[in-house]
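Same order as they appear, the protein sequences are chains A and B. In this text, residue positions in the first sequence follow our numbering: the first is 1, and each later residue adds one. In this text, residue positions in the second sequence follow our numbering: the first is 1, and each later residue adds one.
I should point out that these hints are in silico values taken from the structure, not numbers from a laboratory. Positions of the beta carbon are idealized from the N, C-alpha and C atoms, including for glycine. It is possible that some hints are incorrect.
What the hints assert, rightly or not - Looking from chain A toward chain B, a few residues come up when the C-beta cut is under 10 Å (computed): (1) Glu49; (2) Pro105; (3) Gly254; (4) Ala327; (5) Met342; (6) Ser351; (7) Ala415.
What the hints assert, rightly or not - Straight-line C-alpha distance at most 27 Å; calculated BS3-like pairs for lysine-lysine: (8) A:Lys481 with B:Lys326; (9) A:Lys233 with A:Lys124; (10) A:Lys204 with B:Lys326.
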Amino acid sequence: MNQILEKSIFEYSQPGRGALAQHPPGDDAAVLETLPSALRRRTPPRLPEVSELDAVRHFTRLSQLNFSIDTNFYPLGSCTMKYNPKACNQYAMLPEFLARHPLAPDTQGQGFLSCMFELQEMLKEVTGMKAVSLNPMAGAHGEFAGVAMIRAYHRARGDLARNEIIVPEAAHGTNPATATMCGCVVKEIPVDAQGDVDLDALAKAVGPNTAGIMLTNPSTLGVFERKIEAVAKLVHGAGGLLYYDGANLNAILGKVRPGDMGFDVIHMNLHKTFSTPHGGGGPGAGAVGVSARLEPFLPVPVVAREGSAYRWLSEADRPQSIGRLSAFMGNAGVLLRAYVYMRMLGREGMSRVGEFATLNANYLMARLREAGFDLAYPTRRASHEFIITLKRQARELNVTAMDVAKRLLDYGFHAPTTYFPLLVPECLLIEPTETESRETLDAFIEAMVAILGEAQTDAARLKGAPYTLPVRRLDDVRAAKQLELTWKPVNSAA
Amino acid sequence: MAFIPHTAADVQHMLQTIGAESIDALFDEIPQSLRIQGLEGIPPGLSEMEIGRLMSERARLDGRPLSFLGAGAYEHHIPAAVWAITTRGEFYSAYTPYQAEASQGTLQLIHEYQTMITSLTGLEVSNASLYDGGSAVAEAALMAVRAHRKSRSLRLLIPSTVNPSYRRVVQSTAGNQGVQFDTVPYLRESGCIDPAALEAYSGQDITALVIQQPNFFGQLEDVDRLTDWAHAQGMLVIAVVNPTSLAVLKPPGEWGTRGADICVGEGQPLGVPLSSGGPYFGFMTTRMEYVRSMPGRIVGRTVDLEGRPGYTLTLQAREQHIRRGKATSNICTNQGLLMTAATIYMTLVGPAGLARVAESCMARTAELVSTLGQIKGVRVAFAGSRFHEAVVLLDRPAAAVLRQLEAQGILGGVDLAADYPELGPAVLVCATETKTAGDLDRYVGALRHALEAA
Chain A
1 MNQILEKSIF
11 EYSQPGRGAL
21 AQHPPGDDAA
31 VLETLPSALR
41 RRTPPRLPEV
51 SELDAVRHFT
61 RLSQLNFSID
71 TNFYPLGSCT
81 MKYNPKACNQ
91 YAMLPEFLAR
101 HPLAPDTQGQ
111 GFLSCMFELQ
121 EMLKEVTGMK
131 AVSLNPMAGA
141 HGEFAGVAMI
151 RAYHRARGDL
161 ARNEIIVPEA
171 AHGTNPATAT
181 MCGCVVKEIP
191 VDAQGDVDLD
201 ALAKAVGPNT
211 AGIMLTNPST
221 LGVFERKIEA
231 VAKLVHGAGG
241 LLYYDGANLN
251 AILGKVRPGD
261 MGFDVIHMNL
271 HKTFSTPHGG
281 GGPGAGAVGV
291 SARLEPFLPV
301 PVVAREGSAY
311 RWLSEADRPQ
321 SIGRLSAFMG
331 NAGVLLRAYV
341 YMRMLGREGM
351 SRVGEFATLN
361 ANYLMARLRE
371 AGFDLAYPTR
381 RASHEFIITL
391 KRQARELNVT
401 AMDVAKRLLD
411 YGFHAPTTYF
421 PLLVPECLLI
431 EPTETESRET
441 LDAFIEAMVA
451 ILGEAQTDAA
461 RLKGAPYTLP
471 VRRLDDVRAA
481 KQLELTWKPV
491 NSAA
Chain B
1 MAFIPHTAAD
11 VQHMLQTIGA
21 ESIDALFDEI
31 PQSLRIQGLE
41 GIPPGLSEME
51 IGRLMSERAR
61 LDGRPLSFLG
71 AGAYEHHIPA
81 AVWAITTRGE
91 FYSAYTPYQA
101 EASQGTLQLI
111 HEYQTMITSL
121 TGLEVSNASL
131 YDGGSAVAEA
141 ALMAVRAHRK
151 SRSLRLLIPS
161 TVNPSYRRVV
171 QSTAGNQGVQ
181 FDTVPYLRES
191 GCIDPAALEA
201 YSGQDITALV
211 IQQPNFFGQL
221 EDVDRLTDWA
231 HAQGMLVIAV
241 VNPTSLAVLK
251 PPGEWGTRGA
261 DICVGEGQPL
271 GVPLSSGGPY
281 FGFMTTRMEY
291 VRSMPGRIVG
301 RTVDLEGRPG
311 YTLTLQAREQ
321 HIRRGKATSN
331 ICTNQGLLMT
341 AATIYMTLVG
351 PAGLARVAES
361 CMARTAELVS
371 TLGQIKGVRV
381 AFAGSRFHEA
391 VVLLDRPAAA
401 VLRQLEAQGI
411 LGGVDLAADY
421 PELGPAVLVC
431 ATETKTAGDL
441 DRYVGALRHA
451 LEAA
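With the sequences and hints as input, model every part of the structure.
Structure follows, in structure tokens:
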């Protein structure tokens, strides 16, 4: 890489310049005279004044400073960075879909609504749940919907004391944050040495205040929770419900279903399992699925089929609903991409996702172990991801997981997830996904071996990495202390 | 196999390396009783050619009516360059920029976005986006409760001139934490917040007043007076604004003597297609003093080991992956790609272009409203200034009239019967810069015909 840094768009700006083809025709400035002067803007906003070519070149250059799935292997654990098929984008962006207003009547949207209905049906099938709502706009938003439904369920039964959500200590940060956001109290429980939930601790944690438990399976430790049936029995026995965090659904697609494991409510990350893009941070889609007893509480709207026509069900149809989570109906365009993906894969392709994601992870795990890396759970199968720990290298060679991660960037690989889950020291959580070839995995292994060699002979080399990217390691402390959150002209006093 | 590159020889070699007999053996830790043997309910797979044909057929069913709908989502021209660049794989298929050195493009773009949106709203700091306008209002309500250390009431005033959908999202989101909302009525003459009704809350402990400008009816509120009144009462002010309008309307940071404290809104008008309601993005800006109460990601400029400038996510101790149960919000994934589109949009239209768009929207709506007001059986509901929407009252049930227009290929507005029954038959109409004189004529002609026919 080593591109020259791209200056700020504001440094291209010249007063009076602009992309004039983008201005609407005519001059309507006179209409502003109808506005009371107290309501009018006095100074124009600081937006760039550049030509269209300036803008195109600037943002294209910025894009080239990024790693992405389209340019790099991206084995980021827990994030499922698989190939995002181009067809999904193209067919979700057909002009009629893009132009459709969210409040257009159902009669002007039967094509779109039919896709949404079929998507609901397919998601029910792959998860084993009774009903689905497509509303939540991200995984954490789906978690919110799920916990809110659990609360609403208990309240509807007059069971008002149940406000505790149990979360394993290895859970994603969104789980406890969601519980808090829903007004619940978080109780964390440990996992045992093999990575399974500690059943004794769970038995002590459940009781008359238990609203439910939030679990990821396979867990964030990269292993399948083998005691899931016992966990379900314990929590249900205490009157609580089971929430499935779908972050790792890719691992088990077509092999085992959350509904069959005993979960009452789940969210799916369509931007992981169903390959909609991550977009540099979003958008996602966090559809939720529920068992029969939670169906009345699903967030609205939900698509229904009546005869051969489709329509939105709203509050009037679902009086017990937890309500609306978005102004309209969630991330419709993302849902269309997931629909295209699922239809292209079909039933055979869907089962192969879990199989080949798991094959790739176990192959990578076996080769890295052979190369001298320590596994966090050496006696376990990998799910679609696994953890290596650099605790030994940290002690013996004074190199950290962060050093290895940064050095991988120099080799052209995006770093795995680092320092998560928190309970494994110096860890790398590695998820190759099913769309990567054996050759790509082999190249990654070679890079890891080379880095391990460097750690033994020249640890300082790792400490300074990366060397070949647009910037070297950044000063995060300065970023937080001297907050520069907007661009300012160099000579500005402000 | 669709999107799986493995040859039979690859599979053989990999299984041998693992020491497993079959792929199925890799699932041997899953209890046998839970395993399924396929997904019969999923249809067989389709080739790209087949799915292309299917989707084109579905899209055709949706049609391309002439639309005068608004109510929170607006039809605008989107420059071709916006989505040509936004869908480049380097933006489209990148992850959240946690590995800063490998994500400078996304990070610098967010920093440029933060600069543009803070200037547009007249406030100091911005996050990198929330889910949508509705959820942004909900997050602002929760943020106000955190930021306002002196208020203990968990009570907010949300006037009925705030988009009813937003009010529902606020209720279903913030209601879980015990936050309560009082609805302040509007005046029938102006369609704006009733100051006398507001005065009834004088002297009470209330966390914040929410002000939407332009309000849901398209009318312009007296934001200076409202802001000063709320501040005099010790409340924070949450502004809910349309970003296009801010090219010509006073930015929330300048409302009243001190300016609004938190500003949120729907970012969709900035280069994001209507797309049945999403993905859009919510924006949020605030004063520097409240930055640590703000939810969502924030990008800061810093230097690298060699002293060169670079960008990184900062103040992450507010966020769920660090603070877990004590985070400012559970938000993780945001709407980054839509924020990307908006940044490119704002760059392409620039300050002059955005003002031209705003003026054109105002002018088209003014023309539409004045012509509609001349039709027998139609009355304009409210006097006073407005932006690019208006409420028109009909002399018969709106639903039937809208159905007649729909039969002519025209979506004539949003029926307000469910949310504002006191208005009688009422429709919220919107005309943006996309509407030509011919489009307005078509609408007026069709409405006149519909009302005269019966």
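Results of checking the hints against the structure:
Satisfaction of the interface hint for glutamate 49 of chain A is found here, the shortest Cβ-Cβ separation to chain B being roughly 5 Å, below the 10 Å cut-off. Here the hint on proline 105 of chain A is kept, as its CB sits about 6 Å from the closest CB of chain B, short of 10 Å. Taken as an interface hint, glycine 254 of chain A checks out: its beta carbon lies about 6 Å from the nearest beta carbon of chain B, inside 10 Å. The closest approach between the C-beta of alanine 327 of chain A and any C-beta of chain B is roughly 4 Å, which is under the 10 Å cut-off, so the hint is satisfied.
Interface hint status for methionine 342 of chain A: upheld, as the beta-carbon distance to the closest one in chain B is roughly 7 Å, under 10 Å. With a least beta-carbon distance of about 6 Å to chain B, the hint placing serine 351 of chain A at the interface is held under the 10 Å criterion. Among the interface hints, the one on alanine 415 of chain A holds; its C-beta lies about 5 Å from the nearest C-beta in chain B, closer than the 10 Å criterion. For the hint pairing lysine 481 of chain A with lysine 326 of chain B, the CA-to-CA distance comes to about 21 Å; that is within 27 Å, so the pair holds.
About 23 Å separates the Cα atoms of lysine 233 of chain A and lysine 124 of chain A, which keeps this hinted pair within 27 Å; it holds. Simply put, lysine 204 of chain A and lysine 326 of chain B have alpha-carbon atoms about 24 Å apart, close enough for the 27 Å limit, and the pair holds.
Figure legend: structure checked against the earlier numbered hints; every hint is met.
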